[in-house]
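S.K.: Let the sequences and hints guide you as you build the complete structure.
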Amino acid sequence: MSDIRPLEREDIPAVAEMFQRILRGRRKPAPRGAHAYLESLFLDPPHRDDEIRSLVHLRDDGSVNGFMGVLPMPFTYQGQTLRGAIAGSFMVDGHEDDPYAGARLLRAFQSGPQDLCLTETANDVSTAMWRKLRGTVLTDYSLEWLRVIRPAGFVTAMAAAAFAPAAIAKPLARPFDALLRRRGAPPQWTHVANTEFSAKALATEKADIQETAALFKQFAATFALHPKWTENDLQRMVSESGRKTNYGTTVRRKVLTRGGKTVGLFLYYGDRGGIGRVIQILAQPGHEGAIIDTMLADATDRGLTALRGRGQPGLVNAMLCRRFAFLHASSSIVYAKDKTLVEPFLAGNAFFNGFAGESWSRLLGDRFD
Amino acid sequence: MPESIKADIRAFVVENFLFGDEGDAPEDDASLIENDIVDSTGILEMVSFLEEHFAISVADPEIVPENFDTVARLSAFVAGKRKTVEAAPTGA
Numbered sequence: 001m002s003d004i005r006p007l008e009r010e011d012i013p014a015v016a017e018m019f020q021r022i023l024r025g026r027r028k029p030a031p032r033g034a035h036a037y038l039e040s041l042f043l044d045p046p047h048r049d050d051e052i053r054s055l056v057h058l059r060d061d062g063s064v065n066g067f068m069g070v071l072p073m074p075f076t077y078q079g080q081t082l083r084g085a086i087a088g089s090f091m092v093d094g095h096e097d098d099p100y101a102g103a104r105l106l107r108a109f110q111s112g113p114q115d116l117c118l119t120e121t122a123n124d125v126s127t128a129m130w131r132k133l134r135g136t137v138l139t140d141y142s143l144e145w146l147r148v149i150r151p152a153g154f155v156t157a158m159a160a161a162a163f164a165p166a167a168i169a170k171p172l173a174r175p176f177d178a179l180l181r182r183r184g185a186p187p188q189w190t191h192v193a194n195t196e197f198s199a200k201a202l203a204t205e206k207a208d209i210q211e212t213a214a215l216f217k218q219f220a221a222t223f224a225l226h227p228k229w230t231e232n233d234l235q236r237m238v239s240e241s242g243r244k245t246n247y248g249t250t251v252r253r254k255v256l257t258r259g260g261k262t263v264g265l266f267l268y269y270g271d272r273g274g275i276g277r278v279i280q281i282l283a284q285p286g287h288e289g290a291i292i293d294t295m296l297a298d299a300t301d302r303g304l305t306a307l308r309g310r311g312q313p314g315l316v317n318a319m320l321c322r323r324f325a326f327l328h329a330s331s332s333i334v335y336a337k338d339k340t341l342v343e344p345f346l347a348g349n350a351f352f353n354g355f356a357g358e359s360w361s362r363l364l365g366d367r368f369d
Numbered sequence: 370m371p372e373s374i375k376a377d378i379r380a381f382v383v384e385n386f387l388f389g390d391e392g393d394a395p396e397d398d399a400s401l402i403e404n405d406i407v408d409s410t411g412i413l414e415m416v417s418f419l420e421e422h423f424a425i426s427v428a429d430p431e432i433v434p435e436n437f438d439t440v441a442r443l444s445a446f447v448a449g450k451r452k453t454v455e456a457a458p459t460g461a
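From first to last, the protein sequence lines are chains A and B. Residues 1 to 369 (the numbering used here) make up the first sequence, in order. Residues 370 to 461 (the numbering used here) make up the second sequence, in order.
Think of the hints as simulated: they come from the structure by calculation, not from any bench.
Pair by pair, the computed Cβ-Cβ distance ranges are:
{"no.": "1", "chain 1": "B", "residue 1": "430", "chain 2": "A", "residue 2": "43", "range": "22 to 28 Å"}
{"no.": "2", "chain 1": "A", "residue 1": "206", "chain 2": "B", "residue 2": "421", "range": "50 to 56 Å"}
{"no.": "3", "chain 1": "A", "residue 1": "289", "chain 2": "B", "residue 2": "428", "range": "47 to 53 Å"}
{"no.": "4", "chain 1": "A", "residue 1": "36", "chain 2": "B", "residue 2": "430", "range": "30 to 36 Å"}
{"no.": "5", "chain 1": "A", "residue 1": "137", "chain 2": "B", "residue 2": "449", "range": "30 to 36 Å"}
{"no.": "6", "chain 1": "B", "residue 1": "430", "chain 2": "A", "residue 2": "339", "range": "22 to 28 Å"}
{"no.": "7", "chain 1": "A", "residue 1": "210", "chain 2": "B", "residue 2": "428", "range": "44 to 50 Å"}
{"no.": "8", "chain 1": "A", "residue 1": "249", "chain 2": "B", "residue 2": "403", "range": "49 to 55 Å"}
{"no.": "9", "chain 1": "B", "residue 1": "390", "chain 2": "A", "residue 2": "97", "range": "22 to 28 Å"}
{"no.": "10", "chain 1": "A", "residue 1": "60", "chain 2": "B", "residue 2": "387", "range": "28 to 34 Å"}
{"no.": "11", "chain 1": "A", "residue 1": "60", "chain 2": "B", "residue 2": "428", "range": "17 to 23 Å"}
{"no.": "12", "chain 1": "A", "residue 1": "172", "chain 2": "B", "residue 2": "421", "range": "55 to 61 Å"}
{"no.": "13", "chain 1": "A", "residue 1": "172", "chain 2": "B", "residue 2": "387", "range": "51 to 57 Å"}
{"no.": "14", "chain 1": "A", "residue 1": "339", "chain 2": "B", "residue 2": "372", "range": "33 to 39 Å"}
Where is the CB? At the ideal position from N, CA and C, for every residue including glycine.
M.R.: Given below as structure tokens:
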């Protein structure tokens, strides 16, 4: 009879092959690095809690055909410590042949001992399933934002991502973008004008792992509900977030006022001519606009064609007047047996997504070569 | 097994998965999965319905075809759960 149980070490090869085939869409066997990382992340995760574990679904013959990756994460709210669990890498091999597998995995996850069930990577099918189990889809946290800097380069980069030979057009895009960026009074939807943000940007400095972890704790604490990271686990997360080969070079900069006070931090990945991916923006309340201006100036100077990232309710207003576009890619969802715990999420007063999710991990963006 | 349980489940299936079209209602022993009436999302919708409408608790291992695949099996499952609840001691 089919069954669900916590992930064990012997399941890793089957989970790695499903991860490679279903979530990464590759035909080749999963690289050894992927095996090692899945084992490290899901069997010995940051903030390990032996009662909150990843789950596998077994067929009648005992083979693995489903997986729910679970990362424990403690949160704090109104002086109380909450047990949180981040769900991700939710996959079922041949889910149409065994619709019970996904349903049971999600249900088993929700039935765990945690106070908060969270995901930031639910696709349309998963989102529908979470909704049926009374999960709350958080619209503001589910928005993907995009800010185009160099439109011709952006289109070329998009085309090259889908069809590699299209990258040959990149040199043709540069003069067009250079011309466009000299025209039109900013702000424009289509591009970032020369010096548009650099004139307003604050000073930045590279932040090391220890400093980054300290700033995460400092700025997340401005939210009513936020992770209660331990120093060592958060430093591990920051360190692992630095390996996303597919996304490009890691840019991790703290933002300083003229007086030298740190008022924010941004963390993104990207290379010249490409589209940068922002994993986290931290800002002291009231300085959101300045942090975004500084990040855009940095990305513009590095030759990126656009920046994209995940919504944070506290940043939306600052983004709207800077001509960001918003679209939907995947959903951020919360479920709690105690419905009052959902309220800070609905009010935009919960620190969620990014380092309070799974997108810091190498699962998103690394090649594992 | 009370017919009212079966009628309520049938009505839920028709209303939620068949757009209210009674003409497409499955036979009591017809598979809801094989007839493409219910998918993984529908199974979870059914779980929530059973728990809220019949005031029962569905454990994860109980979400299997033996309990969920047909209207008849669903009805028998609910009837069994209710009998268990009624038979349980109410405490001192």
